[in-house]
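K.L.:
Sequence:
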Amino acid sequence: MIVEPLERFSPGLGKLIVFEGIEGAGKTTQIQQTSDWLRSWLSQEVLITREPGGTPLGERLREVLLGDSWIYDTPELLLYAADRAQHIQAFIQPALKAGKIILCDRFTDSTLAYQGYGRGLSLDLIHQLNQIATQGIQSDVTLWLDVDVETGLKRMRQRASADRMEQEDLAFHHRVQQGFESLSHTYPERMIRIDANLPEDRVQAQIRTALKIRMNG
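Heads up, the sequence shown is in UniProt numbering, so the first residue is 1 and it goes up one at a time.
Just so you know, the hints here were simulated from the structure itself, not pulled from any lab data.
Some hints here could point you the wrong way.
Stated by the list, open to error - With a Cα cut of at most 25 Å, we get these calculated SDA-like pairs of lysine to any residue: (1) LYS100 - GLN89; (2) LYS97 - HIS174; (3) LYS100 - THR28; (4) LYS154 - THR28; (5) LYS154 - ALA171; (6) LYS212 - ARG164; (7) LYS154 - GLY99; (8) LYS212 - ALA171; (9) LYS154 - ARG214; (10) LYS212 - LEU66; (11) LYS97 - LYS154; (12) LYS154 - GLU189; (13) LYS154 - GLN89; (14) LYS100 - HIS174; (15) LYS212 - ALA95; (16) LYS100 - ASN197; (17) LYS97 - GLN167; (18) LYS154 - ARG164; (19) LYS154 - GLN138; (20) LYS97 - THR49; (21) LYS212 - SER35; (22) LYS154 - LEU79; (23) LYS100 - LEU66; (24) LYS100 - ALA210; (25) LYS154 - SER43; (26) LYS154 - ALA133; (27) LYS100 - HIS185.
As the list claims (entries may be wrong) - Between beta-carbon pairs, the in silico distance windows are: (28) LYS212 - LEU123: 19 to 25 Å; (29) GLN32 - HIS127: 15 to 21 Å; (30) TYR72 - ASP195: 32 to 38 Å; (31) LEU198 - LEU123: 19 to 25 Å; (32) HIS185 - GLY99: 30 to 36 Å; (33) SER35 - PRO199: 16 to 22 Å; (34) LEU78 - ASP201: 37 to 43 Å; (35) ILE132 - LYS97: 32 to 38 Å; (36) GLN89 - ALA205: 33 to 39 Å; (37) ASN216 - GLY67: 41 to 47 Å; (38) ASP195 - GLU168: 20 to 26 Å; (39) ASP201 - TYR72: 26 to 32 Å; (40) GLN89 - LEU198: 33 to 39 Å.
Idealized CB from N, CA, C, for every residue including glycine.
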């Protein structure tokens, strides 16, 4: 695995580390393990957040976006943009300025993968909305937990219930996976592939190796 160091990984500066992937990639587990590891390794405060969500308004939007309501594709996209704009202003931007490390479950690449590649909406439009919502803030590094679609869906079905996005058909999830793969080739400077088909401890080992290289580079 070859990764180039990022300039923003300097002591005392806030850092935004994003975890991406299809359903069942294991993001929740890996974020918690990464948070515990970083807290024991660094002196900076580590925060965990997610999209949709991350703010009181975001959590309400999450209930709508992932609940049982039928939502057309364009309103869905705009709701995700509204969630992100609130998240940036109320949480991410202040935390970065305070020098904190943020581990975020999904960010701009998920919108491109799900609403762009998955739903077939304009990628140019999504890029514009992402730029408006984020005010130009990008992740310092994005860890793409790459898992086979069938493996991810099998893991997902072991849960008590599936949300609205998880209930989409197999073809949709394959398009989303193709989207993440395409994005990883487009943005190799910030997006690192992690083989999430492996056992949890080996996935975590890959994540630690990638972050050590970025933080010490």
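K.L.:
Look at each hint and say if it fits the structure.
P.N.:
Status of the hints after comparison with the structure:
1. Straight-line distance between C-alpha atoms of LYS100 and GLN89 comes to about 15 Å, which keeps the hinted pair within the 25 Å bound.
2. Note on LYS97 and HIS174: the hinted pairing is violated, with a Cα-Cα distance of about 38 Å set against a maximum of 25 Å.
3. For the hint linking LYS100 to THR28, the alpha-carbon distance of about 20 Å falls within 25 Å, and the restraint holds.
4. Between LYS154 and THR28 the alpha-carbon distance is near 16 Å, which keeps this suggested pair within the 25 Å criterion.
5. Of the pairs offered as hints, the one joining LYS154 and ALA171 holds, with about 15 Å between alpha carbons and a cut-off of 25 Å not exceeded.
6. With a C-alpha separation of about 36 Å, the suggested pairing of LYS212 with ARG164 is violated against the 25 Å cut-off.
7. Restraint check for LYS154 and GLY99: not satisfied, since their Cα atoms lie roughly 39 Å apart, outside the 25 Å limit.
8. Between LYS212 and ALA171 the alpha-carbon distance is near 36 Å, which puts this suggested pair outside the 25 Å criterion.
9. Between the alpha carbons of LYS154 and ARG214 the distance comes to roughly 32 Å, so the proposed pair goes past 25 Å and is violated.
10. Restraint check for LYS212 and LEU66: not satisfied, since their Cα atoms lie roughly 34 Å apart, outside the 25 Å limit.
11. In summary, the hint linking LYS97 to LYS154 is not supported, as the alpha carbons are separated by about 40 Å, beyond the 25 Å threshold.
12. For the given pair, LYS154 sits about 31 Å from GLU189 by alpha-carbon distance, which is inconsistent with the 25 Å threshold.
13. The hinted pair formed by LYS154 and GLN89 fails the criterion: a straight-line CA distance of about 36 Å is larger than 25 Å.
14. Note on LYS100 and HIS174: the hinted pairing is violated, with a Cα-Cα distance of about 35 Å set against a maximum of 25 Å.
15. Restraint check: the Cα-Cα separation between LYS212 and ALA95 comes to about 21 Å, which is no more than 25 Å; the hinted pair holds.
16. With a C-alpha separation of about 30 Å, the suggested pair LYS100 and ASN197 falls outside the 25 Å cut-off, and the hint is violated.
17. Proximity of LYS97 to GLN167 is assessed by CA-CA distance (about 38 Å); at most 25 Å being required, the pair is judged violated.
18. Between LYS154 and ARG164 the alpha-carbon distance is near 16 Å, which keeps this suggested pair within the 25 Å criterion.
19. At roughly 32 Å between alpha-carbon atoms, LYS154 and GLN138 are farther apart than 25 Å, so this suggested pair is violated.
20. For a cut-off of 25 Å, the pair hint linking LYS97 to THR49 stands: about 16 Å separates their Cα positions.
21. For the hint linking LYS212 to SER35, the alpha-carbon distance of about 14 Å falls within 25 Å, and the restraint holds.
22. Between LYS154 and LEU79 the alpha-carbon distance is near 28 Å, which puts this suggested pair outside the 25 Å criterion.
23. Taking the CA atoms of LYS100 and LEU66, the gap is about 29 Å. The hint is violated against a cut of 25 Å.
24. Annotation: proposed proximity of LYS100 to ALA210 holds, straight-line Cα distance about 19 Å (limit 25 Å).
25. Under the criterion of a C-alpha separation no larger than 25 Å, the hint pairing LYS154 with SER43 is inconsistent with the structure, at around 38 Å.
26. Only pairs whose Cα atoms come within 25 Å are accepted, and LYS154 paired with ALA133 is rejected, the gap being roughly 33 Å.
27. Under the criterion of a C-alpha separation no larger than 25 Å, the hint pairing LYS100 with HIS185 is inconsistent with the structure, at around 29 Å.
28. Look at LYS212 against LEU123: about 33 Å separates their beta carbons, and that is not inside 19 to 25 Å.
29. At about 31 Å, the beta-carbon gap between GLN32 and HIS127 misses the expected band of 15 to 21 Å.
30. Distance hint check for TYR72 and ASP195: the Cβ-Cβ separation is about 36 Å, which falls inside the suggested range of 32 to 38 Å.
31. LEU198 and LEU123 have their C-beta atoms about 31 Å apart, which leaves the hinted 19 to 25 Å range violated.
32. The hinted range of 30 to 36 Å is satisfied by HIS185 and GLY99, whose Cβ atoms lie roughly 32 Å apart.
33. For the hinted restraint 16 to 22 Å between SER35 and PRO199, the CB-CB distance of approximately 19 Å keeps it satisfied.
34. Evaluation of the 37 to 43 Å hint for LEU78 and ASP201 yields a pass: the beta carbon distance comes to about 40 Å.
35. Against the hinted window of 32 to 38 Å, the Cβ-Cβ separation of ILE132 and LYS97 comes to about 20 Å, which falls outside the hint.
36. Between GLN89 and ALA205 the Cβ separation comes to about 36 Å, which falls inside the hinted range of 33 to 39 Å.
37. For ASN216 and GLY67, the hinted distance range of 41 to 47 Å is satisfied, since their beta carbons lie about 43 Å from each other.
38. Checked against the hint of 20 to 26 Å, the pair ASP195 and GLU168 passes, with Cβ atoms roughly 24 Å apart.
39. For ASP201 and TYR72, the Cβ-Cβ distance of about 42 Å falls outside the hinted range of 26 to 32 Å, so the restraint is violated.
40. Separated by about 37 Å at the C-beta atoms, GLN89 and LEU198 satisfy the suggested range of 33 to 39 Å.
Checked against the numbered hints given earlier, this structure breaks hints 2, 6, 7, 8, 9, 10, 11, 12, 13, 14, 16, 17, 19, 22, 23, 25, 26, 27, 28, 29, 31, 35 and 39; the rest are met.
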